[in-house]
Amino acid sequence: MTENKPNSFRNQPDDRGHFGQFGGRYVAETLMPLILGLEKEYKAAKEDPAFKAEFDDLLEHYVGRPSPMYFAPRLTEELGGAQIWFKRDELNHTGAHKINNCIGQILLAIRMGKTRIIAETGAGQHGVATATVCARFGLPCIVYMGAEDVRRQSPNVFRMKLLGAEVRPVTAGRGTLKDAMNEALRDWVANVHDTFYIIGTAAGPHPYPELVRDFQSVIGKEARAQLLERTGKLPDLLVAAIGGGSNAIGLFHPFLDDPTVKMLGVEAAGHGLDGDEHAASLAGGFPGVLHGNKTYLLQDEDGQITEGHSISAGLDYPGIGPEHAWLKETGRVEYTHATDTEALEAFQLLCRTEGIIPALEPSHAIAAITKVAPTMPKDAIICANLCGRGDKDIFTVAEALGVEM
Amino acid sequence: MAPAIMTRFTDTFSRGPALVCFITAGDGDTAANLDAMVEGGADVIELGMPFTDPMADGPAIQNANIRSLGKETKTADVLQIATDFRARHPDVPLVLMGYANPMIRRGPEWFADAAEKAGVDGVICVDLAPEEDEDLGPALRAKGIAPIRLATPTTDEARLPMVLDKSAGFLYYVSVAGITGKQSAALADIKSNVSRIKQHTDLPVAVGFGVRTPEQAEAIAKVADGVVVGSALVEIVAEHGENAPQHLCALVEKLANAVHSAR
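First to last, the protein sequences are chains A and B.
Quick note on numbering: the first sequence equals residues 1 to 405 in my numbering.
Quick note on numbering: the second sequence equals residues 1 to 263 in my numbering.
I should point out that these hints are in silico values taken from the structure, not numbers from a laboratory.
A quick note: this is a predicted structure, and the numbers were derived from the prediction, not measured.
Check before you lean on any hint, since a few could be wrong.
[As the list claims (entries may be wrong)] Derived contacts from chain A toward chain B, CB cut-off under 8 Å, selection only:
1) A28
2) A172
3) V189
4) V192
5) D302
6) Q304
7) L401
[Unchecked claim] Pair ranges (Cβ atoms, derived):
8) B:K71 / A:Q348: 40 to 46 Å
9) A:G37 / B:S184: 48 to 54 Å
10) B:R106 / A:A225: 43 to 49 Å
11) B:R106 / A:G138: 18 to 24 Å
12) A:T115 / B:P59: 24 to 30 Å
Virtual Cβ for every residue (Gly too), placed ideally from N, Cα, C.
Chain A with its partners taken away, still in its complex shape (with noise of 0.2 Å):
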């Protein structure tokens, strides 16, 4: 690998959307004229400084940004090594990372005139910030759920019809959110015309996972000045926790040209990796294609596709990002992993030391930090993304604790 090592980790995908072996355009033919008209609309939109203006307009004023970058000192002592800092993503308006690439996206969508959007949702956060974001510009807004994170996540839910959405159930498969991006998928190939599709996630077919990394990258930008300020120093290592990879690619992708600092992305282990109850795409998959990219994906000996499991519902997707997967085969990024219990204790213990009700899948990133934090110096500096907040996972947590609410 080392002969092949490239100039620059911060200059993927090529012009047909691969990172490395990964990524791609693997959509029925229906979509693909869409899909090119999207990258040359989004080639566009870069360039244009209305359209950046008008992002960065957004993300102060409506979302809140920059978000804090905060100095966890309980944290780091109950740890008793390396300096923890929390990049506060968690406090945006609608309680996570996911409305960054939402506004992003649905300038995009108006700048090519489409007047309906889609999108997928899993633990609905993204649905929460695609409905937020359609009512804000006031374009109609269809999203797409498994029945059963309608059942698991019923306060996100009533959020996005209040926000004025229609929640279409997918019952198809098992109901979660790899069969709501199908349903997403169908929906959008019969209504090309009119219709954006807001993927909430760094994967789909190109340029998919190119933008929404573009727009999330924001939390490493105003990570890497905030550290750079507050502590004179980049830091030694980012950790965050990656169910399809857009908080952590967003961290992320601002550094990856700093040699000194080090990546963990977590993956969720579920029960545990030596059975099938997990969502380790990277460490317990392999590459192949699905929903438009080719990636690492969690499948069997003939290519089907196994349903992944978390008790986080953000995280519990048989697939990851591209990038990731470009990431991991170059050796740039470490990836490991944390179960529902380690992940579990982690929520416990941010909410314990610094007064923080942290959303499961940053309590992933905590587990790893835990583990990883007490090896290093203590004037080495972790920053790790807070991108969501608990409150919607306060049933889950009662009831994996046993705990009647």
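Starting from the known structure of chain A, fit chain B onto it as the hints suggest.
Chain B alone, transformed into the frame defined by chain A:
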């Protein structure tokens, strides 16, 4: 060298408009159902490879995929169904239709080799855009198997040459922007799009999506080289189970008569 299997397409389409019939492998008694369709007059068989995530399919074919996988249909079973079909029907073109992941899971060469040994003439990979041809196309062509591409109402003039480049067997014109088995396109649109496509290629053009009745089939056969029927047949398999063959044969006979009347 023109491999023998490619000539099955040429022979079939040279007789005039052809009826292309789709069912999902492993859903019902597939061998009996295939035989019934051939008996009824099907000219080309499309055998669906079941996949957990059939994103371009409507409820009828989605459910067929689920039923098939529920009975633990493996890739090896699909290939065995193809092999046995080829032994019983040496002259009927056989196409495998499905999604990329099961086709490339063991490597494209493995799949192309297995498909060739099973006597398969063509492969339709729904989610393999021409841009990603190298994932499967070269391996298929090396074995003389036709990569059959799809064109749609959204495939414009600029894009059409790329879609047609390196495609073989026939071109599958998806007549509606949508999923399988739902609405039908207006005949006038089909006619203008087929003639537009035929200005760019000598390949036969078969039209599918939303074709359910002999009347539709006959009208399309007058303006195209082939008519593809899928969901209507898959629904018969779902409804009649082990009695499906007689019902399939009856519908296919009507469809085939309608298509062949345009000859």
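- Does A:Q304 pass the interface check with chain B, least Cβ-Cβ distance below 8 Å? 5 Å, holds
Go through the hint on A:D302 and say holds or violated, using the shortest Cβ distance to chain B against 8 Å. 5 Å, holds
Does the Cβ distance between B:R106 and A:G138 fall inside 18 to 24 Å? Since the Cβ atoms of B:R106 and A:G138 sit about 50 Å apart, the hinted range of 18 to 24 Å is violated.
Exercise. Was the hint right that A:L401 lines chain B, CB cutoff 8 Å?
Worked result: Violated. Min distance 33 Å.
Q. Given A:V189 was flagged as interface, is its beta-carbon under 8 Å from a beta-carbon of chain B?
A. 6 Å, holds
### Query
Okay, A:T115 versus B:P59 on CB: inside 24 to 30 Å?
With Cβ atoms ~26 Å apart, the hint holds.
**Q.** Hint check: 8 Å Cβ-Cβ cutoff, A:V192 to chain B
**A.** 5 Å, holds
Margin query: Please check whether A:G37 and B:S184 have a Cβ separation lying inside 48 to 54 Å.
Written below: 26 Å, violated
Item to complete: So, A:A28 near chain B? Judge it on the closest CB pair being under 8 Å.
Response: Holds. Min distance 4 Å.
Given hint A:A172 near chain B, where the shortest CB pair must fall under 8 Å:
6 Å, holds
Query raised in the report: Is it true that the C-beta distance of B:K71 to A:Q348 lies inside 40 to 46 Å, as the hint says?
Result: Distance hint for B:K71, A:Q348 holds at roughly 45 Å.
Within 43 to 49 Å or not, the Cβ separation of B:R106 and A:A225? 48 Å, holds
Checked against the numbered hints above, the structure violates hints 7, 9, 11; every other hint is satisfied.
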